[in-house]
Amino acid sequence: MKPSKASQRYRGIRRNTSQHCFYQDSLLLGNSDDSFNETGESSDPEQIFQNIQFQKDLMANIRCRPWTMRQKLRALRRAKEIVLKFEGRLTRTRGYQAAGAELWRKFARLACNFMVIFIPWEMRIKKIESHFGSGVASYFIFLRWLFGINIVLTAMTGAFIVIPELIAGQPFGSTASKTIPQEQVMSAQDLDTVWSLGGYLQYSVLFYGYYGRERRIGRAGYRLPLAYFLVGMAVFAYSFIILLKKMAKNSRTSLASASNENYTFCWRVFCAWDYLIGNSEAAESKTAAIVNSIREAILEEQEKKKSKNMAVTVCLRIIANILVLLSLAGSIYLIYFVVDRSQKLEQSKKELTLWEKNEVSVVVSLVTMLAPSAFDLIAALEMYHPRTTLRFQLARVLVLYLGNLYSLIIALLDKVNGMNIEEAAGKNITSHLVDSTTFFVPSTAPEEGQWSTPGSGVRLNRNSTWDLEETSFLTSTMPPTKANKTALYTQSPQGQCWETYVGQEMLKLSIIDMLFTVASVLLMDFFRGLFVRYLSDYWCWDLESKFPEYGEFKIAENVLHLVYNQGMIWMGAFFSPCLPAFNVLKLIGLMYLRSWAVLTCNVPHQQVFRASRSNNFYLAMLLFMLFLCMLPTIFAIVHYKPSLNCGPFSGQEKMYDIVSETIENDFPAWFHSVVGHISSPVVILPAVLLLFMLIYYLQSIARSLKLSNQQLRMQIQNARSEDKKKVAQMVEGKYIFKVTFSQVLPLPAARIQTQEGSTKRLRKDSDLTSQLSSVRTATLQNLGSAASLDSLSSKSVKVETAVPSLPQSPGHGSRRLCSPLPGESRSKPQQDMTRYRHGPCASTGDLRKNRLYTPVRLTQPMEDVLSEPLFRKDFQTTGPLLQGPKVSTPVARGHRPCASRYYVIQERHSRRKPHPTFWPERHFKIDASGDIVEMYPRNVGQYTFQVPHQPCSPPLSEEEEEMLRRDFVQWSVSPHSLTNLPQTPHFYIGDRSESETRDPEHQRRMYYRSEDDGFEGHLDRPIFIHKKPRSRNVRYSQHPLKTRIEAKLEPSFTESDSVSVASSSDQQNSSADQYLQVKPSQGRFPRSAGQPGRRKAKSGQTLPTELNNLICSNV
Amino acid sequence: MGSRASSLLRDEELEEIKKETGFSHSQITRLYSRFTSLDKGENGTLSREDFQRIPELAINPLGDRIINAFFSEGEDQVNFRGFMRTLAHFRPIEDNEKSKDVNGPEPLNSRSNKLHFAFRLYDLDKDDKISRDELLQVLRMMVGVNISDEQLGSIADRTIQEADQDGDSAISFTEFVKVLEKVDVEQKMSIRFLH
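Those protein sequence lines, which keep their order, are chains F and V.
The first sequence finishes on residue 1176 if you use the numbering used here, and the numbering steps up by one all the way, no holes.
The second sequence finishes on residue 194 if you use the numbering used here, and the numbering steps up by one all the way, no holes.
Please keep in mind that the hints were generated in silico from the structure rather than gathered at the bench.
Careful: at least some of the hints might be erroneous.
Here are the computed lysine-lysine pairs in the DSS-like style, where the Cα-Cα straight-line distance is at most 27 Å [as the list claims (entries may be wrong)]: (1) F:LYS167 / V:LYS187; (2) V:LYS17 / V:LYS177; (3) V:LYS177 / V:LYS125; (4) F:LYS167 / V:LYS177; (5) V:LYS18 / F:LYS146; (6) F:LYS787 / V:LYS128; (7) V:LYS177 / F:LYS365; (8) F:LYS239 / F:LYS787; (9) V:LYS177 / F:LYS347; (10) V:LYS181 / F:LYS310; (11) V:LYS181 / F:LYS787; (12) F:LYS188 / V:LYS187; (13) V:LYS187 / F:LYS347; (14) V:LYS177 / F:LYS786; (15) V:LYS181 / F:LYS167.
Simulated DEER-style distance windows between Cβ atoms [stated by the list, open to error]: (16) V:ASN78 / F:ILE123: 56 to 62 Å; (17) V:ASP148 / F:LEU438: 30 to 36 Å; (18) F:ARG131 / V:ARG119: 50 to 56 Å; (19) V:ASP75 / F:LEU438: 55 to 61 Å; (20) V:VAL144 / F:GLN772: 44 to 50 Å; (21) F:LEU660 / V:GLU180: 34 to 40 Å; (22) V:ASP75 / F:LEU583: 53 to 59 Å; (23) V:GLU19 / F:LEU773: 54 to 60 Å; (24) V:VAL144 / F:LYS365: 23 to 29 Å; (25) V:LEU123 / F:ALA172: 40 to 46 Å.
Residues from chain F shown here face chain V by an in silico Cβ test under 7 Å; the list is partial [stated by the list, open to error]: (26) CYS327; (27) VAL330; (28) SER341; (29) ILE351; (30) VAL352; (31) ILE355; (32) ILE359; (33) PHE685.
We put the beta carbon where it would ideally sit given N, CA and C, even for glycine.
Build the full structure now, drawing on both the sequences and the hints.
Now the structure itself:
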């Protein structure tokens, strides 16, 4: 049902997007042909009809259109689509299609609903999940998945081994390996025999020994031995592949779903309920599920908040780990001890009791049952997040299980070892003394020697009668008469089938494990539940909440138990082909038993935590287990010689010889040689190397992808939090403004001082006149004679000169902005705010003048900046010094200013992180902005004193004011949308073109602009500039007025120069007003500039507005 | 049966409903018969009790709210017109509806209207904000007594914290929309009305 909906949706989306694209495209095309705009946008049928007609016409005569081929093709395609869309919808076939699609959708929905019925235990698992959380459900899902694997394994072994053997193989009793030995027939049906899988069971398709050794069986010539070997390997191969595939899929889904971390709580609250639930039972389940999911969420939160006392937890964890290690070692020792003991018992006693025979299995099962509980207790010490706890627990239990399995298998192989040796010994000299057998060991089976554990050695030293006991143990029903050697002889051909023995042991283990599982479920869950439920009323304490309580479903142990169980199957499947089939039955039983027990006897975990569906951890453990279980089997196959008298490989030296034998006999010669070549080291070594390289390569790619994934996620997170912040700021905008003012202002003051110092120096060094001239040239260049500059061969010189003029203050100004000092002048900001109104007036005057220059400036400054770096390199180092408080010390003069300026610019850049593409422009702008910044502070100072001058502002002030405000508002609301800004400047220019001859004050202002080059004489500009250098830049580059300005450049030249000088002086003055240190510089500038003080005052007025803007921008 | 129902429904009324809600003629008649079957009082209106009899609503922890959504302010009866107006919120959005009437009034089943309907389920006091208390009530309804107040409170806090963008400790409609941005509301809040 889901998929169908999804697909439906997808289709809908696709349709929409395609429509969308189409509109867009048609709009695009509209450039070439306006009529495209009409395409399908109206719902008016008349129009649609017309449109179709038009498109048809278009298609008919598209050849005649003067378009490029590409355009034509595109247009044609669009036209066809449009016609199809509007016309096609009305046709009959289309109607059938629609109806068919609808039908199909309904059918798919139904089918999906229907399919759910066939997903085994789906409802059961869902029910459990709703009551016990996703963690418990994950166990059952895992179980179901294992069930699926086992079904496939069963099918494989059944179809290729068991059934052919049953149908075509020799019937029971026809050969020695398929008949029960005489001595055992009597007891073959005893319960005891059946229990230990002897008798009829031993000589059945259940075990390896039963399968015949004929190379081909039946009329079709089925190669059973080959099939046996290949299927044995295929079981492992299939398991590996399916596991890895599942893991890959899981990690993919977990990656895909990981991005949905946003709004988890909101979704939980708002989207939890399924409004279509109409069944009270379902409603109950849903409620339980919601409760669970909320609990999970709470838990996650608590875990996040948990304050940790590191020392204590670390100590506890160390202790816990030591305890775990101890118990692991203990359990392994116990198993080893039991195995050893049983071997000794076998040797010393002829008749073994039931307990003695099953001692090993029982102890192993007991250990596997009890140890996890101990681990559970220990884990409580560690105080990890429940999920981590679970993982630790799982890992520990896994180690325990592995230890058990391995000690068991080692003991088994030990026995196999012994059996082989006996066989060899029996063959050679059966009547030999003990010593002789020991002698034989090295000679006949040197390989086994390395393998044999102390236990086997002990055995070997015994007298040969122990062979009997051994065999008697195997068949377990041997009559006591076997004790004599003849008996051993007759019987050894059948009894010595070690493969069957291993298979028997594994099957026995599996059965006992199943019994214990059932017992533990009944005891630990069911009877305990009954006990607690019905006796708690009569007990002296509250059973339900204190000691025994109700059982909890222990996910870790249970999952591990499944893994362990599966490991046994893998280990034994080769020797007992029916083991997977048995396991299928066992898993089915387990599923019902467990789910019943969970629902009836268990209480939900106190702490429910989220176990992701795609839990690769279980699978990783399973993979680990598979690998480790495969090892002993493979080892046995490779290492031991197959039994002589039983099984499909009897008579061969090694089991895998069957493959080479088949290749040799049944395949053409060339194939044989090819295989020979492929298996030679010449091919294998490079292949392995290649594989390694591939793995490495893929690994590194995966790592880098992961990294980039992480970074992207972080970016998203950042964007989100920033959005939030911005919105919050907007709300509290006013307060923020004030705060920022205080932060911004202090710096300017400090900077100004240093700047002035530098400027003073400059002046002193170079004659005033020269300075002036340089300034002029600089301004000129900056202003707009970019073209002229380019043409000039002495570009570099000019650039240098230009630099000095700018450096005066801009750099410092920019600096201030970047790094706010502790608030010195609080009052200023407020003043600025008030002044901001005045600012516009002043700016208007300036603007007029500037506008002429602006265009030129735009392009030029950028160029300058670009070219300058080379020249200024030396200065850069000095720059910092100049800027710093130590400016007073004489440094390189003429160039210094430039250097400092340049430096500042760079700083700015780094801080603002401008776009790379805008580099050059930005430089330029930065300079400009820097200048502006400097001036503001001074002006502010002046402004405060010279408030009376404000009224003088030009008539345009009101308009400008409005504009400013507007801009300001825009800015504050959405800093990013600066598109409007560029336009405003233009407007100003146009208005003020006449006002070039304006008051000195205005001129001053113009100066800033001229210096800035990019400012185009707008007061508004500065504001924006500070905030967003980039946008400013863009404007400049785009400036349409360029050409015009160029034309006017020359006339304006002189004016601008003077203006700039004046402005600079003004700035200094203003700063002087505010700050005592500045004063000395004041005098000079006015002189040089030759402009009246009044101007300065006015400039001061204008500046405040700019300051305001600045501040705003910073905010 | 359908014909009987439609005979009770005046044609002009039917046309109006059709226009207002976008349901087809057959859908309206079908829903009308449903309406009359719900109407135990047989007075042409539905009361809250009538709605309570619908098992889905009776079970739903938010059923009360949903029922409430059918009734306009201060009323405790809803006529067929109002009934249809509310149901129209759940009409699936047809493919061809998306493209047309951009300029016309927004249909009742638009995404934002659907969302607004959902929003009103949570916004008890109709102040266009989901406050912490309102959230708590909803949570309480959903989980019963299984979870302590404290824990629920922390959940509510977290929820608000997640969704809140303007810092007023409540979820406004815009924030609500933002939260559900990625949820396929168009599909989830749709009911298949038989044609």
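So, going through the hints one by one against the coordinates:
| no. | hint | result |
| --- | --- | --- |
| 1 | F:LYS167 / V:LYS187 | holds, 17 Å |
| 2 | V:LYS17 / V:LYS177 | violated, 31 Å |
| 3 | V:LYS177 / V:LYS125 | holds, 19 Å |
| 4 | F:LYS167 / V:LYS177 | violated, 32 Å |
| 5 | V:LYS18 / F:LYS146 | holds, 26 Å |
| 6 | F:LYS787 / V:LYS128 | holds, 21 Å |
| 7 | V:LYS177 / F:LYS365 | holds, 26 Å |
| 8 | F:LYS239 / F:LYS787 | violated, 85 Å |
| 9 | V:LYS177 / F:LYS347 | holds, 26 Å |
| 10 | V:LYS181 / F:LYS310 | holds, 24 Å |
| 11 | V:LYS181 / F:LYS787 | holds, 22 Å |
| 12 | F:LYS188 / V:LYS187 | holds, 23 Å |
| 13 | V:LYS187 / F:LYS347 | holds, 17 Å |
| 14 | V:LYS177 / F:LYS786 | holds, 16 Å |
| 15 | V:LYS181 / F:LYS167 | holds, 26 Å |
| 16 | V:ASN78 / F:ILE123: 56 to 62 Å | holds, 58 Å |
| 17 | V:ASP148 / F:LEU438: 30 to 36 Å | holds, 32 Å |
| 18 | F:ARG131 / V:ARG119: 50 to 56 Å | holds, 52 Å |
| 19 | V:ASP75 / F:LEU438: 55 to 61 Å | holds, 60 Å |
| 20 | V:VAL144 / F:GLN772: 44 to 50 Å | holds, 45 Å |
| 21 | F:LEU660 / V:GLU180: 34 to 40 Å | holds, 39 Å |
| 22 | V:ASP75 / F:LEU583: 53 to 59 Å | holds, 57 Å |
| 23 | V:GLU19 / F:LEU773: 54 to 60 Å | violated, 46 Å |
| 24 | V:VAL144 / F:LYS365: 23 to 29 Å | holds, 26 Å |
| 25 | V:LEU123 / F:ALA172: 40 to 46 Å | holds, 42 Å |
| 26 | CYS327 | holds, 4 Å |
| 27 | VAL330 | holds, 5 Å |
| 28 | SER341 | holds, 6 Å |
| 29 | ILE351 | holds, 5 Å |
| 30 | VAL352 | holds, 5 Å |
| 31 | ILE355 | holds, 6 Å |
| 32 | ILE359 | holds, 5 Å |
| 33 | PHE685 | violated, 38 Å |
Going down the numbered hints, you'll see the structure goes against 2, 4, 8, 23 and 33, while the others check out.
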